[in-house]
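Undergrad: Go ahead and model the full structure; you've got the sequences and the hints to work with.
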Amino acid sequence: MTPGRRKWLIAMIAILLATSAWWQFGPRSPAPWTELDLKVLQRLSLDSLPPLPPDPTNAVADDPRAAEFGHKLFFDTRLSANGAVSCATCHQPERRFTDGLPKGRGIGLSGRNTRSIVGSAYSPWQYWDGRRDSQWAQALSPLEDPAEQGGNRMQYVRFISTDAEYRSIYQELFGPLPDFSDRSRFPLAAAPLDEPKINAAWMAMSDEDRHLVNQTYANIGKSIAAYERLIMPGRSRFDDYVSALLSGNDEASRTIFTDEEILGLQLFIDEARCTQCHNGPLFTNNEFHNTGVLSFPGEVPDRGRIDGLKKVLADPFNCLGEYSDDPEKRCPELTYVRSGIELIGAMRTPSLRNLGGTAPYSHKGQNESIADLLDQYNRAPLAMIGHNEAEVKLKLSRRQLTQLEAFLNTLDAPLATPDKWLRAPPQRAEQGR
Amino acid sequence: MRRLMLAIAVLPVVCSIMAVAEDENTGQSWLTRSGYYRVSYTPSLEPLTINKIHSWIFHIETADGTPVDNATISVTGGMPEHNHGLPTDPRMTQSLGNGDYVLDGMRFHMRGYWELTVTVDADGRRDTVIIPLTI
Numbered sequence: 000m001t002p003g004r005r006k007w008l009i010a011m012i013a014i015l016l017a018t019s020a021w022w023q024f025g026p027r028s029p030a031p032w033t034e035l036d037l038k039v040l041q042r043l044s045l046d047s048l049p050p051l052p053p054d055p056t057n058a059v060a061d062d063p064r065a066a067e068f069g070h071k072l073f074f075d076t077r078l079s080a081n082g083a084v085s086c087a088t089c090h091q092p093e094r095r096f097t098d099g100l101p102k103g104r105g106i107g108l109s110g111r112n113t114r115s116i117v118g119s120a121y122s123p124w125q126y127w128d129g130r131r132d133s134q135w136a137q138a139l140s141p142l143e144d145p146a147e148q149g150g151n152r153m154q155y156v157r158f159i160s161t162d163a164e165y166r167s168i169y170q171e172l173f174g175p176l177p178d179f180s181d182r183s184r185f186p187l188a189a190a191p192l193d194e195p196k197i198n199a200a201w202m203a204m205s206d207e208d209r210h211l212v213n214q215t216y217a218n219i220g221k222s223i224a225a226y227e228r229l230i231m232p233g234r235s236r237f238d239d240y241v242s243a244l245l246s247g248n249d250e251a252s253r254t255i256f257t258d259e260e261i262l263g264l265q266l267f268i269d270e271a272r273c274t275q276c277h278n279g280p281l282f283t284n285n286e287f288h289n290t291g292v293l294s295f296p297g298e299v300p301d302r303g304r305i306d307g308l309k310k311v312l313a314d315p316f317n318c319l320g321e322y323s324d325d326p327e328k329r330c331p332e333l334t335y336v337r338s339g340i341e342l343i344g345a346m347r348t349p350s351l352r353n354l355g356g357t358a359p360y361s362h363k364g365q366n367e368s369i370a371d372l373l374d375q376y377n378r379a380p381l382a383m384i385g386h387n388e389a390e391v392k393l394k395l396s397r398r399q400l401t402q403l404e405a406f407l408n409t410l411d412a413p414l415a416t417p418d419k420w421l422r423a424p425p426q427r428a429e430q431g432r
Numbered sequence: 000m001r002r003l004m005l006a007i008a009v010l011p012v013v014c015s016i017m018a019v020a021e022d023e024n025t026g027q028s029w030l031t032r033s034g035y036y037r038v039s040y041t042p043s044l045e046p047l048t049i050n051k052i053h054s055w056i057f058h059i060e061t062a063d064g065t066p067v068d069n070a071t072i073s074v075t076g077g078m079p080e081h082n083h084g085l086p087t088d089p090r091m092t093q094s095l096g097n098g099d100y101v102l103d104g105m106r107f108h109m110r111g112y113w114e115l116t117v118t119v120d121a122d123g124r125r126d127t128v129i130i131p132l133t134i
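Same order as they appear, the protein sequences are chains A and B. Using numbering that gives the first Met the number 0, read the first sequence as starting at 0 and increasing by one per residue. Using numbering that gives the first Met the number 0, read the second sequence as starting at 0 and increasing by one per residue.
Read the hints as simulated data drawn from the structure, not as lab findings. It should be emphasised that the depicted structure is a prediction, and the values quoted were computed from it without experimental measurement. No residue lacks a Cβ here, since even glycine has one placed at the ideal position from N, Cα and C. Just to be clear, a hint being listed does not mean it is correct.
DEER-style ranges, computed between Cβ atoms [as the list claims (entries may be wrong)]:
(1) A:Ala-251 to B:Arg-125: 55 to 65 Å
(2) A:Ser-246 to B:Asn-82: 32 to 42 Å
(3) A:Ala-251 to B:Ile-134: 29 to 39 Å
(4) B:Thr-127 to A:Ala-313: 26 to 36 Å
(5) A:Leu-48 to B:Ile-134: 17 to 27 Å
(6) A:Ser-246 to B:Arg-125: 51 to 61 Å
(7) B:Pro-79 to A:Gly-297: 33 to 43 Å
(8) A:Lys-38 to B:Ala-62: 32 to 42 Å
(9) B:Thr-127 to A:Glu-93: 47 to 57 Å
(10) B:Gln-93 to A:Pro-63: 35 to 45 Å
Computed list of lysine-lysine pairs in DSS-like fashion (alpha-carbon distance at most 30 Å, straight line) [stated by the list, open to error]:
(11) A:Lys-328 to A:Lys-310
(12) A:Lys-394 to A:Lys-38
(13) A:Lys-102 to A:Lys-196
(14) A:Lys-310 to A:Lys-71
(15) A:Lys-102 to A:Lys-71
(16) B:Lys-51 to A:Lys-328
(17) B:Lys-51 to A:Lys-38
(18) A:Lys-328 to A:Lys-309
(19) B:Lys-51 to A:Lys-310
(20) A:Lys-71 to A:Lys-419
(21) B:Lys-51 to A:Lys-309
(22) A:Lys-310 to A:Lys-196
TA: Put into structure tokens, the structure is as follows:
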């Protein structure tokens, strides 16, 4: 190599090194946000979360005594067929009320991934397919699901009426319990379930007696819901970042987010189109979308909302049903709900708050990590049934995907709910879960 | 001359862009396809936002400005870009008189471009208009 060439080469290497150093360590570009971006960010901030809407279908929704009762019930494994499963088996507070499994595991294997209950009081629909329309109607469902708590409503209302502590709390909240002691009227096990014996016993009961059981059963759900209404997301680094931005504190905002996180957030609200569905302070519109998540090999594709809609309309514990406490039956969501072919294979948008600690993801836990989840949108596969609404491939680079993931991890935060609600109540702690 | 022709050629495009821009404002009115009715609306949410169920008041007039009081109104809608409809099935629940009608159960769940198809039926005359709307 001639000395001239060597000099030229050294100069080129020096320029290259200087450029990379500047890229890595150079001064940060000022916050890139436009006025419109700031509006979008403000709408996503927890500071924009409205007060918890009342639940007129649940008369004890905001009664602290009901929340205490619901707290006990939530952690009580006696509310199951085998005495070993409670709500908290799948909704584990330390995992942001999920279970870390692809599909929930109670007495058996549940059909879908366990959704968190954090902030679920804000949603007009529960479950991936929205087959229940309130937290209290939802709470009743796993109690009788053979794969979850696996019991029957007759068993549960008898348990409440015979346990001295629960009997007393229940009566203080809801008035006198019916007398369920007559076995000729109230058999040991009865409920409108698929199990033929239990169903036959239910069908043999009088309408009046079935109503008494249903009413007591509904109150169990309403108490659990009063507890679940307290489970709220906490302020994350993202919320602090937006707050600093909006107050014009540019310096503070730069110390809160890294460049990678800022770039990820930019992608989130713009090129990656995430806010089309993950909008609002809970990062969800609580509506139903088919995003083409494929089934596990050998599994029949999940029909999602198209079936969930039929189920919620037929649920006797729905907003329009006789067990709703709203005398006016104001149920706009259920009254004006709409069906349509786009609901085939559609699932309710999950919140992205606390995404980091709640893997695996998607309705059957198909995506093991955030990277897998993002890859799903990058590839935009054809839906197995129905139509993938997110059919336009994102085509983000590997680096952009990393940035997006970095931003999503800023949404992790300890819950805003006081600690006492996040562990089993003392008197039941010895029972574990 | 060439400039003039160019101006004439782009005029319809400019006009249609302006029309869309106007259409996106509440308080505007739209003539139905066959020209029977003029339709305007006022959402109960101000500003109009997503994820909240609410009602709209529709005002229906004949093309010459007479309020229509015996109409039936139906509304469907969707986002052409996403190939999906409204998440709800809004329905007319009340006629307030003077051509005003309450439509309950409106909700949008995504920001972006929507199209609402409003069908007005009165005195055996049925007519439709597509209203563009960006939220």
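Undergrad: Against the structure shown, which of the earlier numbered hints fail to hold, in ascending order?
TA: none
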